[in-house]
Every structure is written in structure tokens, then in C-alpha cells.
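Q: This is what each chain is made of:
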Amino acid sequence: MSPNLRVSVWRGTTDGGFSTYEVPRQASQTVLDVVTYIQRRLEPSLSYRFSCRVGMCGSCAMTVNGVARWTCRTHVSKVVDGDSLEIAPLSNLPVIKDLATDMGEFFDKWARAKGRFRGARTRHDAFARVEPDSPERAAANAGIECIGCAVCYASCDVVAWRPDYLGPAALNRAWTLVNDVRDTDQHDRLRAVAGDAGCHACHTQGSCSERCPKAIEPTAGISGLKRMAARRAMRGEL
Amino acid sequence: MSAAATQARLWYWQRISAMMLALFVVVHLATIVYAVRGGLSGAEILARTQDNWWVAAFYGAFVIACAVHVPIGLARIAEEWLGWSGRASNAGAVLIALALAVLGFRAVYAVVA
Amino acid sequence: MSESARIGAAGRRIAVRRNDSRARRHPAWWAFLAHRVSGIALAAFLPLHFWVLGQALRGEAALDSLLRFADQLLFKFGEWGLVVLLAIHLTGGLRLLVIEFLPWSGLRKNWIAATAGLGIAGGLAFALALIG
Numbered sequence: 020m021s022p023n024l025r026v027s028v029w030r031g032t033t034d035g036g037f038s039t040y041e042v043p044r045q046a047s048q049t050v051l052d053v054v055t056y057i058q059r060r061l062e063p064s065l066s067y068r069f070s071c072r073v074g075m076c077g078s079c080a081m082t083v084n085g086v087a088r089w090t091c092r093t094h095v096s097k098v099v100d101g102d103s104l105e106i107a108p109l110s111n112l113p114v115i116k117d118l119a120t121d122m123g124e125f126f127d128k129w130a131r132a133k134g135r136f137r138g139a140r141t142r143h144d145a146f147a148r149v150e151p152d153s154p155e156r157a158a159a160n161a162g163i164e165c166i167g168c169a170v171c172y173a174s175c176d177v178v179a180w181r182p183d184y185l186g187p188a189a190l191n192r193a194w195t196l197v198n199d200v201r202d203t204d205q206h207d208r209l210r211a212v213a214g215d216a217g218c219h220a221c222h223t224q225g226s227c228s229e230r231c232p233k234a235i236e237p238t239a240g241i242s243g244l245k246r247m248a249a250r251r252a253m254r255g256e257l
Numbered sequence: 002m003s004a005a006a007t008q009a010r011l012w013y014w015q016r017i018s019a020m021m022l023a024l025f026v027v028v029h030l031a032t033i034v035y036a037v038r039g040g041l042s043g044a045e046i047l048a049r050t051q052d053n054w055w056v057a058a059f060y061g062a063f064v065i066a067c068a069v070h071v072p073i074g075l076a077r078i079a080e081e082w083l084g085w086s087g088r089a090s091n092a093g094a095v096l097i098a099l100a101l102a103v104l105g106f107r108a109v110y111a112v113v114a
Numbered sequence: 002m003s004e005s006a007r008i009g010a011a012g013r014r015i016a017v018r019r020n021d022s023r024a025r026r027h028p029a030w031w032a033f034l035a036h037r038v039s040g041i042a043l044a045a046f047l048p049l050h051f052w053v054l055g056q057a058l059r060g061e062a063a064l065d066s067l068l069r070f071a072d073q074l075l076f077k078f079g080e081w082g083l084v085v086l087l088a089i090h091l092t093g094g095l096r097l098l099v100i101e102f103l104p105w106s107g108l109r110k111n112w113i114a115a116t117a118g119l120g121i122a123g124g125l126a127f128a129l130a131l132i133g
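Residue numbers (our numbering), protein chains in the order written: chain E, 20 to 257; chain C, 2 to 114; chain V, 2 to 133.
Hints were generated in silico from the structure; no laboratory data involved.
Quick caveat: nothing in here was measured; it's all calculated off a predicted structure.
A few of these clues could be false.
Here are the in silico distance ranges between beta carbons for each label pair [stated by the list, open to error]: (1) C:Q51 x E:D183: 45 to 55 Å; (2) C:R38 x E:V98: 28 to 38 Å; (3) E:G31 x C:L99: 28 to 38 Å; (4) C:L99 x V:L98: 25 to 35 Å; (5) E:S96 x C:H29: 50 to 60 Å.
To list a few chain E residues with every Cβ distance to chain C over 10 Å, as calculated [unchecked claim]: (6) D52; (7) R60; (8) M75; (9) R148; (10) I163; (11) D202.
Derived pair list, reagent style DSSO-like, types lysine-lysine, alpha-carbon separation capped at 27 Å [as the list claims (entries may be wrong)]: (12) V:K110 x E:K233; (13) E:K97 x V:K110; (14) E:K233 x E:K97.
For glycine and all other residues, C-beta sits at the position ideal for the given N, C-alpha and C.
So that you can see chain E by itself, here it is in the shape it has in the complex (with noise of 0.2 Å):
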């Protein structure tokens, strides 16, 4: 085994190509230990996005040999071939310089897909009752945790070929405010994630269930938003 990675790491924007680095191998080393020396002793030049380096952020998020992950949380020795490691932005969005995307249409879909909480009370109100174990919140439970990182919407094969598709991430929020007892805006939500771009358009291929770091499922959350959705339509409430 060499002593010596040979990593290659995406420059440029969208219109760029693979620059490769030397880097030293040591033991527990991730990813991110590997981008953080190239652009420390090798290329000063090098973007990229990290935080907390302690996989809570999500901010660190890139494509190690092909796949979206969190450069934080992923071992060289798990992910490494041979002695090779390409590491890239992720897909699915713009590239502003190297290792860094533009996550603006992330999170506008996000917006699209009425993935904010609209409540009725106000604090001269009683507090609202939401039974914990009620299905409703064990549903919005299972996806609650999601931080925004875009692995899952970097992973989908539908965001990719439909530039409108909500994603994954907006869904999976839209869904955990749908079974929010206190939202007040289930209608106007429902209409939104069920339109051409929505709900509908996902194949279940489980890109985004597999990849997500938080193992989250994106994939029963649009599930259940396809069912709310034909049960409203049927009503002709859609």
C-alpha cells in the first residue's frame, strides 16, 4: 500500500476539470482531512464548504467516488480504490468554485413546497396538544432530523432529469408539516408538492433513502404525500 493518496479533486465551475494532489495516508483519516491538506499545504486556491467537521452540519456534503456523502463522517479507508480518491461537488447543482455549490434552488424548491410551518396560535393561546405517539407525529418524527445538507437531492436520478422536481429534502419536509396536527395550511401544502413537479414524479429508485446520512426515507414520506394527494383529489378538494 502507498504511503501516498493520489486524489483528484474537481476545479473550475461547471465547466472545469479533475486536478490531482498527492496527499500522506494516515491511519482514521476522512475526506475531509484530505481536502482541508490539499487546500492548507498544497493548493491555497481550493473551495470548499465545511463547519462543525463533527457530521451534525451537513455543510461538508461532496461526491467521493461518485456517490454524495459527508466528507466529515467518511473514512479514506472505506471509500478509497486502491489508492485513489476523486472527490467532486455535488451533483445536481451549480457549481460556484470547485467544491462549492450554489444551494439557492435547493432551498427555493424547499419554499415551493410550502416547507414552513403556518400555525393559528398565538402566545395568548394554550399550548397545542400533540399526542406523541399518535401515527401523525411518529410520521413527522421519522423526518424531522433532516438538516438540510442535499445529499438525497444530489442523489436523485429525477432531479436530474426534471430541473423542476421539488426533491426529496422538500418533500420530506412538506410531509413532516403535513402530519403536523397544528399547520393550518394542509390545502395550499397538498397542492403544492402534487403538481407535475411533485410527489408524482418520484420512481422510487431510494437514491435519497439510501444516501441520507441521517437515514431518513425520503421515499415514504412522498409515498404518503401520493396517497394524501389521491385521497384529497378523489374528494375533488385538490
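Knowing the structure of chain E, use the given hints to seat chains C and V on it.
A: Positioned in the frame of chain E, the structure of chains C and V alone reads:
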């Protein structure tokens, strides 16, 4: 009808026709595997199907389910892999549905009548 | 990886990078591909199937001559292939109905295995019926 309602209805009609087809296909496959033993001739087919109104009802319903299920699936593929617009894929879907219905009912009539 | 262009706000073309096959190496994706490809093949076959049967309108002899023609090995292999594709599309489709309508229990990978199994079983049954 809103775009959302249209998509929702297309989705559930595709799933309902899928459930019907699941049943029909299992019966059809089992029948064919059984009937094909030792070869299959026109005479053998027609002997089973002619003047058989159960065959007409079963395969008639089968044709309808196909005419619903196949075009919706193909429309999605045209939009995603061929880049067709929604209008083009809808038009294509209607054409295919009509073609399958016409050819299918003709076939049912041909073997029953 | 390949690029693709999108139209962004104000009609600007925004290019993005796309995934290649390395992102697709997991069972649920293969199940999707098998379902789509088998569906396309069956959709192409179905009108032909209807047309052949419709030939019975011209009498039993017309149908029979077509069936004799289809007795050739290449056709039999094609028929066998379609039976296998039909079994795969059916079982894969049932898996999707289970995912979409029954309480959630993951991507149902046991059903993916069943799809492969029933495809093989259907193919064997048909082959044996043809030969036996």
C-alpha cells in the same frame, strides 16, 4: 381541474389498473404456460376461446386495463428520457391508449366471435 | 460525470454536474431500471401481440400460419424473454404497490429478491412447457 389533481388522478388510475393487471397477468401467464405444453396451434387457441363469453369479459377488461396503464407509464418515460413536453406526452399517451384499445378489442373479437 | 443545462430564473442556462453509474449501484435502483426497461419492452410487444391474435379475423388458417412462423427458435426465445420480462414487471410492480400503499417498511429489498426469483421461475416454467 388543477395540475395537482390531474397528476393525482393519473397516479391512482395507473395504480388501480396495475392492481387489475396483476390479477389478469397471473391468470394469463398460468393459462399460457399450461396451454403451450406440446406446442400451440391456431385451432387449439380458437377451440378454447370461440363463443366463450368469459374469455371475452376477462380479456376485454384486460385490454381496458392495458390501455390505461401502458400510456401513462410511457408518457413519463418520454418526458424524462426523451425530453418531451407535458402536452406532447399527453397527446402521445392518448394516441397509444386509443391504438391499444382498438387493436385489443379487435383481437378479443377475432378469437371469440 | 456529464453536464446538463437547466433554465434558471430569468431564462439563464445554469449548468449542473450529473451523477454517473457509481451513484446507481444499489438494489432499489436496479429494481427501478428493470421495471422501466421491462415496461418499455412489453409496451412495444403488446400491439404486435394484439395484431397477431386479430389475424384470426381472417380465419383460423391465417392465425395458424402466423403461429407456425413464430415456431422458429428465435421467436420462441423472444416469447420466453417476454414471459420473463412480464414476471419481472409484475413482481416489481407489486413491490411498488406494497411500498406506496402498505405501512412503510423500508425499500422492501426482499421483494427485489422475489422479483429476480419469480422472473427465473416464470422463465423456467415457460421453457419447460415449451420443451416438454
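Q: Each hint needs a verdict: does it hold in this structure or not?
A: Structure-based check of each hint:
{"no.": "1", "hint": "C:Q51 x E:D183: 45 to 55 Å", "verdict": "holds (52 Å)"}
{"no.": "2", "hint": "C:R38 x E:V98: 28 to 38 Å", "verdict": "violated (52 Å)"}
{"no.": "3", "hint": "E:G31 x C:L99: 28 to 38 Å", "verdict": "violated (50 Å)"}
{"no.": "4", "hint": "C:L99 x V:L98: 25 to 35 Å", "verdict": "holds (27 Å)"}
{"no.": "5", "hint": "E:S96 x C:H29: 50 to 60 Å", "verdict": "holds (52 Å)"}
{"no.": "6", "hint": "D52", "verdict": "holds (38 Å)"}
{"no.": "7", "hint": "R60", "verdict": "holds (44 Å)"}
{"no.": "8", "hint": "M75", "verdict": "holds (35 Å)"}
{"no.": "9", "hint": "R148", "verdict": "holds (31 Å)"}
{"no.": "10", "hint": "I163", "verdict": "holds (24 Å)"}
{"no.": "11", "hint": "D202", "verdict": "holds (18 Å)"}
{"no.": "12", "hint": "V:K110 x E:K233", "verdict": "holds (20 Å)"}
{"no.": "13", "hint": "E:K97 x V:K110", "verdict": "holds (23 Å)"}
{"no.": "14", "hint": "E:K233 x E:K97", "verdict": "holds (18 Å)"}
In this structure, the hints that do not hold are numbers 2, 3, in rising order.
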